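By the numbering used here, the letter at position 86 of the sequence shown is numbered 86, and the numbering carries on one by one without gaps.
Quick caveat, the hints were computed from the structure, so don't treat them as lab data.
Check each hint, because a few of them may be wrong.
[As the list claims (entries may be wrong)] Ranges between beta-carbon positions, derived for each pair: (1) Ala116 - Leu31: 20 to 28 Å; (2) His52 - His106: 18 to 26 Å; (3) Leu27 - Lys118: 28 to 36 Å; (4) Leu27 - Thr86: 15 to 23 Å; (5) Thr86 - Gly26: 29 to 37 Å; (6) Lys118 - Glu22: 14 to 22 Å; (7) Ala75 - Glu115: 31 to 39 Å; (8) His42 - Ala111: 27 to 35 Å.
Computed from a predicted structure; not experimentally measured.
The beta carbon of each residue, even a glycine, is placed where N, CA and C say it ideally should be.
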Amino acid sequence: MGLTLQRPLPRRATEHKARLIEQMLGLYNDLPFVLIGDSGQHDPETYARIVHAYPGRIRAIYIRNVNHDASRDDAIARLAKEVAETGCDLVLASDSVHMAEHARAHGLISAAGLEAVKRETQRENQLPP
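Model the full structure from these sequences, guided by the hints.
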């Protein structure tokens with residue numbers, strides 16, 4: 001499968017993804033980061049390791065819940081508690097609006113950004129399958 005803007009990394013590229021994030025953290029060493037992934041692969045675990053390796057650099061982790069497996073949800077909830085001890089929030093959400101609301105409440109996006117996410121989500125939900 002080729003790489004695209006929507007899928008910049010191969011599906012099984014957990015370590016590659018971690019290295020890429022670490023390179024970006026080094027390149028932009030004065031900026032905080034937000035990490036976004038999904039519950040289907042190893043994103044929560046990978047991102048939690050990065051939070052511990054780079055204390056204070058990751059402001060939030062947003063994980064889209066794509067599998068709705070209770071045991072996976074429980075594992076991610078345990079990770080969220082662990083990550084919270086570092087001052088970072090790990091949010092497991094079923095949609096982008098929930099993530100954007102958290103981001104807005106924590107000053108990570110503007111009110112206009114939140115409204116844009118809400119509009120786009122509503123537009124996507126109105127499209128026929």
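(request) Any hints from earlier that this structure breaks? Give me their numbers in increasing order, please. (result) Those not satisfied are hints 5, 6.
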